[in-house]
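Using the sequences and the hints, build the whole thing.
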Amino acid sequence: MNQSTPFLGRFAWRTLLVLLYLFLLAPIIIVFIISFDTRQYLAFPPESYSFGSYAKVFANPTFISAFGRSLIIGLVVGLGAVAAGMLLSLSLARHEFRGKGSVNFLILAPFLVPHIVLAVGIMLVMAPIGLLDTYAGIIIAHLGITIPYTVRTIMMSLMSVDRRVEEAALVHGASPAMVFWRITLPLVSPGLIAGGVIAFLISFDEATISLFIVSVRTSTLPTEIFHYLEYSTDPQIAALSVILILISVGVVIAVERLIGLRRAL
Amino acid sequence: MNPAARSADGSRRVLLMLLLPGLVALGVTFVLPLLWLFRASFASSAIGAFSGGDWTLSSYETVLTDPFYWLVAWNTLVLGFNVAVFTVILSYPIALFLARTESRWRGVLTALAVAPLLTSSVVRTYGWMVILGDQGVINSTLQALSLTDGVVRLTNNSFGATVALIEIFMPYAILAMLSGFGRLNTQLEEAAAMLGANRLKVFTRIILPLSLPGVLTAALLVFVLAISAFVTPRLMGGGRVFVLGTEVYNEATVTLNWPLAAALSVLLLVLFSSVIVIYQRALRALEA
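Going down the list, the sequences are from chains A and B. Position one of the first sequence corresponds to residue 1 (our numbering), numbered consecutively onward. Position one of the second sequence corresponds to residue 1 (our numbering), numbered consecutively onward.
Calculated directly from the structure, the hints in this document are not laboratory data. A quick note: this is a predicted structure, and the numbers were derived from the prediction, not measured. All clues stand as given, with none of them false.
Now the in silico label distances, taken between C-beta atoms and shown as ranges:
| # | chain 1 | residue 1 | chain 2 | residue 2 | range |
| --- | --- | --- | --- | --- | --- |
| 1 | B | SER44 | A | SER50 | 53 to 63 angstroms |
| 2 | B | THR253 | A | PHE58 | 24 to 34 angstroms |
| 3 | A | LEU71 | B | LEU188 | 47 to 57 angstroms |
| 4 | A | ILE64 | B | THR253 | 22 to 32 angstroms |
| 5 | A | ALA12 | B | ALA282 | 30 to 40 angstroms |
| 6 | A | LEU170 | B | GLN187 | 39 to 49 angstroms |
| 7 | A | ILE64 | B | GLY150 | 33 to 43 angstroms |
| 8 | B | SER44 | A | ASP133 | 20 to 30 angstroms |
On the chain B side, residues computed to face chain A include the following (Cβ under 7 angstroms):
| # | residue |
| --- | --- |
| 9 | ALA25 |
| 10 | THR29 |
| 11 | LEU32 |
| 12 | PRO33 |
| 13 | LEU34 |
| 14 | LEU37 |
| 15 | ALA40 |
| 16 | ILE94 |
| 17 | ARG124 |
| 18 | VAL137 |
| 19 | LEU235 |
| 20 | GLY245 |
| 21 | VAL248 |
| 22 | ALA252 |
| 23 | SER265 |
Glycine residues also receive a C-beta, built at the ideal position from the N, C-alpha and C atoms.
Shown next as structure tokens:
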């Protein structure tokens, strides 16, 4: 009895953990299986397996063009959020000024407001000036929710830079611009890449704000999937979901190889 | 002007140039929309447009006098509460395991627990539509085993929305708990065990109290995320789940009553902030 209890306990504990992990990963696993079903409608388990749903996704002009738009928007948002985040981080890490606390608060504040509330506000601001359903509109909206993330990753990199390296370069006659381009920028590049990748993924996956401000012209992939799912749940979406998951995983692995995910997050 | 003053002046100009782009971006996407939202919630309703004009309380009157919106607010709180409680219960063992394990798979298992965050919530909601739907995994299995005759309705109701939200928020809860579990350490547990405490006692007297701050933070995070969720309740609810998020979307994009959408958003924001304030009070009381 005394010997079997710890064993039984450990067995029960492990089973519990496996079940919880299965619950957590269930949607991804199921979507993966369904995506290879040959049938046109949702059913389980699949009768036979094929790449038919994938072929249909690639032949679907709505999804392909929405994918292209999401990609462009995500790339511009990633670059823009990194640039703005770099400038903000430099001013916060390297300068003392009045109102610094307020700036810090302003950068963190978007974390504290639900996206749906921001979405309504952004929609109300953009409607009268004709920014609804434009690339500029959606990019500006996504910049607002991604800059807080890039500031955070870049600040972490900046904090770890040894300032004496920069000072040494200055003493030896380098101009401030040269110090920035040759010393500071390369040293914080892990933070820049990590911030850019996170901003890209947030923009690429974002549905809530996009649903309020895009319509037919600039619909992104998540908004197209959302509207499709309001009427149908066929395996085509499963195939598309698997493609999206693979892109996310690919991006994350690339970052891991480049700079190490631990340092990035 | 002396050189020092000129250099101070120059560095102020540099600082301004550094701050300006980011501050303008945040101002346009955060400060301005929130101010405009408050203003619009006091406007008289006009279809699909708002551009200033008169001030009126009519939208708030609608929200506060129509029993439907009281029901919506109640539904929202119930959904948030259920999701927060179950997410925390289901995430706690995983977080506890990840915080204490010395397995070489720890990194992989942590990544696996957090990885779902990297997939769009639309995609994961679709996964739950496939699992819980009328022709979905669970219903097909039940019918294949002849356990039920008809379809068990697991979607198009708040049950489906609750289950999907629990799973979608679990990675957030696990992350919040992991960073809150800093004070847990195995030496303390070993010491207690050596002094004769049994496993249950070690858990209730040492592990649970030390992990409580992380658990509370996770519960708060999930609650505020759940009461402002909209994509998952809308898709899993199939138009039959009425929470603040779905009603804000309806008023903004279907009914096009923007002042009412704004008033409902303000209500959501008030709920959101009061929960955070109550939580902070409670935490301070707990620590004192």
